[in-house]
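> Take a look at the letters that make up each chain.
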Amino acid sequence: VSIGFEQALVARARDGDAAAFDEIVVAHRDRVFALACFSLRDRHAAAEVAHEAFVRLFRSLDTLRGEARLGTWLHRVTLNLCHDVFRERQRQMTRVPIERAERLPASAERADPETMALARASDAAVREAVAKLPAPLREVIGLRFGAELSYAEIAATLQWPLGTVCTRLQRAMKLLEQELTTPS
Amino acid sequence: MSTHPDVDLVLHAGGELPDDRRAALLAHLETCAACRAELAFLRAGEERLRSISVAISAEQGDALATGRIRAGAAMPASPALRRRAFFAAAAGLAVGASGGAGLTWRLTSAAPAATASTPGASGPVFMLLIQELVSERLALAPDALRDRSRAMGDWMARLRQEGRFAGGQRLRDEAGRLVSRAGVDDRAGRVDAGELLSGFFLIRASGYDEATAIAATCPIVSFGGRVAVRQVA
Numbered sequence: 001v002s003i004g005f006e007q008a009l010v011a012r013a014r015d016g017d018a019a020a021f022d023e024i025v026v027a028h029r030d031r032v033f034a035l036a037c038f039s040l041r042d043r044h045a046a047a048e049v050a051h052e053a054f055v056r057l058f059r060s061l062d063t064l065r066g067e068a069r070l071g072t073w074l075h076r077v078t079l080n081l082c083h084d085v086f087r088e089r090q091r092q093m094t095r096v097p098i099e100r101a102e103r104l105p106a107s108a109e110r111a112d113p114e115t116m117a118l119a120r121a122s123d124a125a126v127r128e129a130v131a132k133l134p135a136p137l138r139e140v141i142g143l144r145f146g147a148e149l150s151y152a153e154i155a156a157t158l159q160w161p162l163g164t165v166c167t168r169l170q171r172a173m174k175l176l177e178q179e180l181t182t183p184s
Numbered sequence: 001m002s003t004h005p006d007v008d009l010v011l012h013a014g015g016e017l018p019d020d021r022r023a024a025l026l027a028h029l030e031t032c033a034a035c036r037a038e039l040a041f042l043r044a045g046e047e048r049l050r051s052i053s054v055a056i057s058a059e060q061g062d063a064l065a066t067g068r069i070r071a072g073a074a075m076p077a078s079p080a081l082r083r084r085a086f087f088a089a090a091a092g093l094a095v096g097a098s099g100g101a102g103l104t105w106r107l108t109s110a111a112p113a114a115t116a117s118t119p120g121a122s123g124p125v126f127m128l129l130i131q132e133l134v135s136e137r138l139a140l141a142p143d144a145l146r147d148r149s150r151a152m153g154d155w156m157a158r159l160r161q162e163g164r165f166a167g168g169q170r171l172r173d174e175a176g177r178l179v180s181r182a183g184v185d186d187r188a189g190r191v192d193a194g195e196l197l198s199g200f201f202l203i204r205a206s207g208y209d210e211a212t213a214i215a216a217t218c219p220i221v222s223f224g225g226r227v228a229v230r231q232v233a
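Protein chains in written order, with this note's numbering: chain D, 1 to 184; chain C, 1 to 233.
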């Protein structure tokens, strides 16, 4: 979708065109939901977050000025909402501190892809492990594999340098491997 | 500090390494077993995480239905939308300027798409086709146009409250085109006179009598317009 077309849709929605707003929702719904799924693990909560993200989009139509792509805006709002939900749950979660992730040497603990735990674990186990990641790493995973963004798009969404996005994704994968290897 | 090109490894694993850095990375990989293993790990991780299904199920699809999202957004709306829809937001009609024709009404996204869940929303659906004489509308003073828009908003709000409103849309101020065996009659430019089909509403009513009684209360009628009532098959 070109940025011009996207801005035209927003303008129509702002003018009260329900069909234009619906078109925006349909275009972004799957990715926003998937991003929330990766961030929250719980599909029901993810649906609520995605719903709220679009409600906020609707309420913000008048203030959207086209500086950022609509997807970028929606993904940021979705992540913020996921943060809110996560904060609620924080005390109940066993979380890996970010310091532990930051200390992992970038090229250590090389796994054989044939036997790596991440490749062999069930979807549910992987989601569980993703939910235990520190927030910044969880966000990268969600944006990459839920919202299906490129690294450059993730950098724009999170306003991080591209290199930071890459190294955090690498760390996230290693922590996932570590989490899935560790007997519960 | 790592001497391995970690960032480029990640970009390469994700298929996003710029062309001008690929040769250097491939040369490094030739000589670095650790990076080859790292690349294999990253690729396998990418593939695995991509394969995780997060498709929207029917249950979550309901929460993400466009109508439900718009319904959730309807109250409270953003201040500007509230201002624009001041007279008619609850009804699904907003007031705005439209060319030389003065104030008009239109469906707003602040309104739920349908009211099937509202108590009282039962019975067959009728279409109310709004027909107006353009010359009469143009003759209305700005205050009268504003009054008409406000009255339309109130009328639609009442229908919604009663669970009768099932949809509607304003049509552009143009005659459009008429297709027949004789060909296509392009009437788009002929909107300065004659009768114009300016919009439609879908309402629920027990039968023709009730639908007609509702149509008779449409403010468009008192402002000189006509409302055709047709039951949806």
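For the record, the hints were derived by calculation from the structure and aren't laboratory data. It is possible that part of the hints are untrue.
Not the full set, but computed from the structure, chain C residues with beta-carbon under 8 Å of chain D [as the list claims (entries may be wrong)]:
1) L42
2) R70
3) F223
Ideal Cβ placement from N, Cα and C applies to all residues, glycine included.
> A separate judgement is required for each hint: does it hold in the structure or not?
Here is what the structure says about each hint:
no.	hint	result
1	L42	holds (7 Å)
2	R70	holds (6 Å)
3	F223	violated (21 Å)
Against the hints set out earlier in the document, a violation occurs for number 3 only.
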